[in-house]
Amino acid sequence: MSAVATQLVRRPSVVAGTLMTAATLFVAFAGPALAGSPDEFVGAPFQGPGGDAPLGTDVMGRSVLARLLAGGRDFLLQGILAAALGVGAGVLLGVALASASRRVADLVLSLNDTVIVLPQIVIALLVLTRLGATPLTLVLVVGIVHVPQSARVVRAATQRVVTQDYYDSARTLGASRRRLFTGEVLPNIAGVVLLELSIRLAISVVVLASLSYLGFGSTDTQWGRMIHENQGGLTIQPWAVLAPVICTGVFLIGVNLLRGGTVRALAVR
Amino acid sequence: MTTTSLRRGTAITLALSPVARYVLRRLLLGVAMLFVVSVVVFFFTQALPGDVARQVLGQTATDDQVARLREQLGLDRGVVAQYLDWIGGLVTFDLGTSLTSGTPVADLVGTRVANSATIVVLTAVILIPLAVALGVAAARSPGGVVDGVVSGSVLLILALPEFIIAILVVVLLATNVWRLFAPTSILDPAVPAWEQPDLLVLPVLALVIGSLPYFTESIRTTMTDELTSEHVTWARLCGVAERRILWRHALPNAVGPGLQVAGTTLIYLTGGIVAVENVFAFPGVGSALTAAVANRDIPVVQAIAMLLATVALVVYLVADVLGILLTPRLRTALT
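Line by line, the protein sequences are chains S and L. Residue numbering for the first sequence follows this note's numbering, beginning at 1 and increasing consecutively. Residue numbering for the second sequence follows this note's numbering, beginning at 270 and increasing consecutively.
No lab work stands behind these hints: they were computed from the structure. Cβ coordinates follow ideal geometry from the N, Cα and C atoms, glycine included. Do not take every clue at face value.
[Stated by the list, open to error] Which chain L residues stay away from chain S? Per the calculated CB distances, all over 12 Å, these: (1) 349; (2) 351; (3) 352; (4) 435; (5) 516; (6) 543.
[To be verified] Now the stretches of chain S that chain L is said to cover, found in silico as 3 or more residues with beta-carbon under 8 Å: (7) 75–85; (8) 160–172; (9) 229–243.
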């Protein structure tokens with residue numbers, strides 16, 4: 001275990017990725033406690049940094065810093081929940097498909113492929129047309145959109161496990177289906193599931209940020225929506241746009257670096 | 270009787286070449302997939318339980334208005350009848366009437382389809398040769414400069430949403446750093462999009478930057494596989510020139526997978542235009558979709574979703590068929 005840890009710490013991409021992810025998570029989750037009111041008017045619209053607003057003011061004259069600190073938590077939380085929901089359901093469906101008859105699996109997989117024809121953002125918009133954007137519908141929509149892809153990945157990983165000798169011997173020894181799942185399958189697909197989780201987390205945040213930018217986020221203060229609101233003042237007060245852009249970007253690049261570095265470190269080992 | 274008809278059946282199938290039979294099968298599969306997509310689209314936009322007319326018009330609408338919309342959408346009839354009515358309209362190119370503007374959806378979406386198609390085609394024309402050149406260069410010298418830049422951009426750019434890439438393009442080229450182009454691309458509706466090229470530069474640039482890393486990375490992977498394959502090693506040992514190996518032995522086999530990646534990238538672009546068009550206020554299908562979703566303009570949402578799905582299925586079909594026709598190994602495998 002410690003050998004793995006040394007391998008990881010030695011990789012610059014892992015270290016940088018961890019720092020970037022942790023910093024954004026800190027800003028997002030400690031932010032609401034540190035921030036002043038995000039809705040208070042502190043000056044004229046689109047003022048540069050200074051005085052009550054260290055990052056200047058936004059389109060309505062509210063503090064960009066206060067809104068930045070307030071606008072990350074719900075949004076990242078939704079992303080984490082959506083990824084967990086999507087991958088969780090994907091694991092159940094994927095394992096079920098690996099043990100289902102070939103015909104059933106083929107049918108479900110081709111339905112899977114059909115849904116993937118539409119980009120995720122379009123599916124999400126489609127569903128939000130009627131349901132409207134509330135925190136619950138956003139998490140459900142973004143989470144469910146992951147299921148087809150996650151199920152495919154988990155099914156492939158499970159099929160590799162069930163063709164191994166150790167799985168066969170456990171089954172011949174009379175282990176129950178539940179025991180086979182928790183004792184043999186799950187520990188051996190855990191790596192794949194964790195990798196999938198990190199991919200889906202990044203995609204959830206991308207889709208949620210895009211929806212928020214497009215005006216379909218759930219709460220009024222969110223990084224994506226801040227970018228949209230203040231885009232018109234880009235020439236006068238770029239920080240109102242750049243601050244949320246940087247926070248979203250640093251988080252996503254951090255998660256990506258961490259994943260890429262970890263995969264490579266484990267592959268070397 | 271049965272034997273003759275059976276034999277005739279075999280004769281007909283044999284008359285078609287294997288490639289034609291493959292295309293026919295893929296075409297039928299595509300139609301079946303489009304049917305499944307249409308059911309999904311219809312379910313979420315119209316068949317979901319709840320009062321559609323009330324949701325569309327909002328709480329302030331009078332009962333009279335709600336009743337009229339219900340009649341317009343045919344909501345008092347059964348779900349199956351509604352679906353058949355809708356899909357029948359789609360097949361005969363009757364896309365219905367917009368709920369917000371009252372104009373036929375086809376008129377509303379028509380010029381926007383042309384505008385979006387213009388930027389997507391321009392993007393593809395720039396993207397495909399660029400990605401192939403960069404991917405091949407990276408595969409030929411692993412660990413080289415191009416290879417490093419490709420790996421780096423995959424880690425950085427691929428992580429970002431399209432709208433953030435587009436905003437950064439605006440910051441860099443239209444507002445804060447340099448002011449070379451207009452920050453928005455509001456087209457003159459009287460003039461075709463391709464006659465206003467200065468307004469197309471930034472949206473196309475944002476789409477190219479957003480899709481280049483994935484495309485290049487895939488080409489590099491495919492080419493690396495080919496260049497380290499047994500037949501290439503064999504050719505190298507026989508003293509075949511490196512140039513000839515690349516053009517005659519490695520590239521032809523990479524065309525099939527390359528076309529698959531091009532197809533996937535085009536599908537990615539249909540999602541990318543939704544965000545990018547909104548950043549630049551570009552009047553295309555993507556900005557029309559978000560406007561229609563915001564206004565709960567159900568016929569417009571349905572039409573655009575089906576349009577994007579049809580484009581995606583046609584792209585996959587063309588990519589698969591071309592891939593098979595152009596790859597010697599795959600073509601002979603069919604017979």
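Going down the list of hints, with the structure as the test:
no. : hint    : in the structure
1   : 349     : holds (19 Å)
2   : 351     : holds (14 Å)
3   : 352     : holds (15 Å)
4   : 435     : violated (10 Å)
5   : 516     : holds (32 Å)
6   : 543     : violated (5 Å)
7   : 75–85   : violated (count 0)
8   : 160–172 : violated (count 0)
9   : 229–243 : holds (count 6)
Hints 4, 6, 7, 8 from the earlier list are contradicted by this structure; the remaining hints agree with it.
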